[in-house]
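S.K.: As they're listed, the protein sequences go chains A and B. Each residue of the first sequence is one higher than the one before, counting from 1 in the numbering used here. Each residue of the second sequence is one higher than the one before, counting from 257 in the numbering used here.
Treat the hints as calculated values from the structure; they're not laboratory data. Keep in mind it's a predicted model, so treat the numbers as computed, not measured. Please note that a few of the clues may not be correct.
Examples of chain A residues lying across from chain B (beta carbon under 8 Å, computed) [claimed, not checked]: (1) G15; (2) T43; (3) F46; (4) N47; (5) A146; (6) A147; (7) A149; (8) A179; (9) G180; (10) N182; (11) E185; (12) M211; (13) V214; (14) G250.
Taking lysine-lysine and the DSSO-like style, the derived pairs with C-alpha atoms no more than 27 Å apart in a straight line are [unchecked claim]: (15) K442/B <-> K376/B; (16) K170/A <-> K54/A; (17) K395/B <-> K376/B; (18) K170/A <-> K200/A; (19) K210/A <-> K459/B; (20) K442/B <-> K459/B; (21) K200/A <-> K210/A; (22) K376/B <-> K387/B; (23) K442/B <-> K54/A; (24) K459/B <-> K54/A; (25) K395/B <-> K354/B; (26) K197/A <-> K210/A; (27) K197/A <-> K170/A; (28) K354/B <-> K210/A; (29) K210/A <-> K387/B; (30) K442/B <-> K210/A; (31) K387/B <-> K354/B.
To give a feel for the contact side, a few chain A residues facing chain B, derived at Cβ under 10 Å [as the list claims (entries may be wrong)]: (32) R12; (33) F13; (34) G64; (35) D175; (36) A183; (37) A186.
For every residue, glycine included, the Cβ atom is placed at its ideal position computed from N, Cα and C.
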Amino acid sequence: MSLLATRDLTIRFGGHVAVNNVTCAFEPGTLTAIVGPNGAGKTTYFNLISGQLKATSGTVSLDGRDLSGQSPSARTRAGLGRAFQLTNLFPNLSVLENVRLAVQATRDGPHRRGLNLWSIWSDHAALTDRALEILNTVSMADRRDAAVASLPHGDQRKLEVALLMALESKVFMFDEPTAGMNAAEAPVILNLIRQLKNDKTKTILLVEHKMDVVRELADRIIVLHNGTLVADGDPATVIASPVVQEAYLGVAKEAA
Amino acid sequence: MSDNLLEMSGVHTHIGAYHILHGVDLAVPRGQLTMLLGRNGAGKTTTLRTIMGLWQASQGVVRFNGTDITRLNTPQIAGLNIAYVPETMGIFSDLTVKENMLLAARQARHAAQMDEARLKWIFGLFPAVEKFWNHPAGKLSGGQKQMLAVSRVIVEPRELLIIDEPSKGLAPAIINNMIDAFAQLKASGVTILLVEQNFNFAKRLGDSVAVMDNGVVVHAGSMQALADNEALQTSLLGLAL
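Hey, can you work out the whole structure from these sequences and the hints?
M.R.: So, in structure tokens, the structure goes:
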């Protein structure tokens, strides 16, 4: 069964159809890159999946369950994890506290059942252990006590992925994860995405303009153009297709 | 007068309690394209904002055309024929694309007074600007807003263009258009200062380069020399690893 699916997904802004009847399924263990010219509808498609925008028509489903009417937070709880480029971190809390809050959000522990000092303490210890385990996975355990605001940009991005892991996300959505990073910083987040790919239960969606990144990471590429899905397939075939060469990479134009 | 259109010497900038720039020395040669590189948090954006008077330098001097502009306010600095695209782009979302362009065109009071040939050139570079001419700019995608932000600073000839990450969020075909555009602008005598993270983009365009780290310029020279020296690239730009 496919994990994440959109069926006839459409949104109109007045007369403009930003995403037009997109039907597509995303399997676990696969990284799908979404490419297309600026304004093709890539970020809007993400917004429709994560619930930041409400579709005019069509559905979004996860494991066969229709999420179309659900709020963004309900979709997050259902397993849709979206990296938001820093806006969902608590800047004044420590690295550990940020991750622990995310772990706590997924647990039905004693902290949800009223005041009992012993259970609060033991529960707290369990949450901390899980948070540290996740920080180890993303190689950030040594920064556990640092205030988030003091972290370099690359580490903040990494922490954001740690939060998605803590939320036990099934789907990881990245919108230009290396934007604003230099050649030395980008590998930090790319290595982490590579590491996520090794977990075959996760579905990864990546919007990215850097074709070297797409070539290296993607198992599959879909192309959006004017809101419509115009190509879908393995990276080599899609990159070689005329629609990508002309409309996106501008290769034919250069040759002319 | 020196060959540098813009010069910073010993510039320190504080933002609240934070000491961000620790004595920046930067030269932007006249008629050239200068790339300002460095990891996140190195002080690149603060350097641009200090040039534009958006942060006040606490020490040191910024000179434009040999004149001290350190204590001028931002409108006065812009009035010297300097155009700036901030990291946040500064698009007026409720205004149309046309109105955003018109605001930047100081010589024009109506759309009809904007330089038609120049607009045609811009439409060729960034088709989205023409396509959404009468639409609210807030409806544009991230990459299209970036195209509009760059279009605004080239709507009229300026002596110095300062752009914070021009290639951010742009599709490859548009980045190629932008590289052509900067080359044409340079050929017409414009001096350009770009902050850029995309080294391939920087390499194709830059004449001179300055690399920042920890609030100071740690390397300055020709772009060609840096592009040809992989060891130097690793030591300067691989610092964050």
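S.K.: Does each hint fit the structure? Answer for all of them.
M.R.: Hint check results:
For G15/A, the interface hint is violated, the least distance from its beta-carbon to any beta-carbon of chain B being 10 Å, above 8 Å. Evaluation of the T43/A hint against chain B yields a held restraint, the C-beta minimum of about 6 Å falling below 8 Å. Taken as an interface hint, F46/A does not check out: its beta carbon lies about 11 Å from the nearest beta carbon of chain B, beyond 8 Å. A distance limit of 8 Å between C-beta atoms decides the matter here; for N47/A the minimum to chain B is near 11 Å, and the interface restraint is violated.
Interface hint at A146/A: violated, since its Cβ lies 14 Å from the closest Cβ of chain B, which is beyond the 8 Å cut-off. The interface hint given for A147/A is violated, since its Cβ lies 13 Å from the closest Cβ of chain B, which is over the 8 Å cut-off. Interface hint at A149/A: violated, since its Cβ lies 11 Å from the closest Cβ of chain B, which is beyond the 8 Å cut-off. Evaluation of the A179/A hint against chain B yields a held restraint, the C-beta minimum of about 6 Å falling below 8 Å.
For G180/A, the shortest C-beta to C-beta distance to chain B is roughly 6 Å, which falls under 8 Å, so the interface hint holds. Against a cut-off of 8 Å between C-beta atoms, the interface hint on N182/A holds, since the closest Cβ of chain B lies about 5 Å away. Among the interface hints, the one on E185/A holds; its C-beta lies about 5 Å from the nearest C-beta in chain B, closer than the 8 Å criterion. Checking M211/A against chain B: minimum C-beta separation of about 6 Å stays under 8 Å; hint holds.
The interface hint given for V214/A is broken, as the beta carbon of that residue sits about 10 Å from the closest beta carbon of chain B, more than 8 Å. Among the interface hints, the one on G250/A holds; its C-beta lies about 3 Å from the nearest C-beta in chain B, closer than the 8 Å criterion. Note on K442/B and K376/B: the hinted pairing holds, with a Cα-Cα distance of about 19 Å set against a maximum of 27 Å. Of the supplied pair hints, the one linking K170/A and K54/A holds, its CA atoms being roughly 21 Å apart against a limit of 27 Å.
Restraint check: the Cα-Cα separation between K395/B and K376/B comes to about 22 Å, which is no more than 27 Å; the hinted pair holds. At roughly 10 Å between alpha-carbon atoms, K170/A and K200/A fall within 27 Å of each other, so this suggested pair holds. Of the supplied pair hints, the one linking K210/A and K459/B holds, its CA atoms being roughly 16 Å apart against a limit of 27 Å. Between K442/B and K459/B the alpha-carbon distance is near 15 Å, which keeps this suggested pair within the 27 Å criterion.
With a CA separation close to 24 Å, the supplied pair K200/A and K210/A stays within the 27 Å bound. Among the hinted pairs, K376/B with K387/B is consistent with the structure: their alpha-carbon atoms are about 12 Å apart, no more than 27 Å. At roughly 45 Å between alpha-carbon atoms, K442/B and K54/A are farther apart than 27 Å, so this suggested pair is violated. For the proposed pair K459/B and K54/A, the alpha carbon gap of about 42 Å is over 27 Å, so the pair is violated.
Note on K395/B and K354/B: the hinted pairing holds, with a Cα-Cα distance of about 13 Å set against a maximum of 27 Å. With a C-alpha separation of about 19 Å, the suggested pair K197/A and K210/A falls inside the 27 Å cut-off, and the hint holds. The hinted pair formed by K197/A and K170/A meets the criterion: a straight-line CA distance of about 12 Å does not exceed 27 Å. Simply put, K354/B and K210/A have alpha-carbon atoms about 30 Å apart, too far for the 27 Å limit, and the pair is violated.
With a CA separation close to 25 Å, the supplied pair K210/A and K387/B stays within the 27 Å bound. Annotation: proposed proximity of K442/B to K210/A holds, straight-line Cα distance about 26 Å (limit 27 Å). Note on K387/B and K354/B: the hinted pairing holds, with a Cα-Cα distance of about 11 Å set against a maximum of 27 Å. Of the supplied interface hints, the one on R12/A is violated, with its beta-carbon coming no nearer than about 12 Å to a beta-carbon of chain B, more than 10 Å.
The beta carbon of F13/A comes within 6 Å of a beta carbon in chain B, closer than 10 Å, and the hint placing it at the interface holds. Contact between G64/A and chain B, as hinted, is not supported at the beta carbon level, the nearest pair being about 31 Å apart and thus beyond 10 Å. Look at D175/A: its Cβ gets to within about 9 Å of chain B, closer than 10 Å, so that hint holds up. About 5 Å separates the beta-carbon of A183/A from the nearest beta-carbon of chain B, less than 10 Å, and the hint is met.
About 8 Å separates the beta-carbon of A186/A from the nearest beta-carbon of chain B, less than 10 Å, and the hint is met.
Comparing the model with each earlier hint shows violations of hints 1, 3, 4, 5, 6, 7, 13, 23, 24, 28, 32, 34; every other hint is respected.
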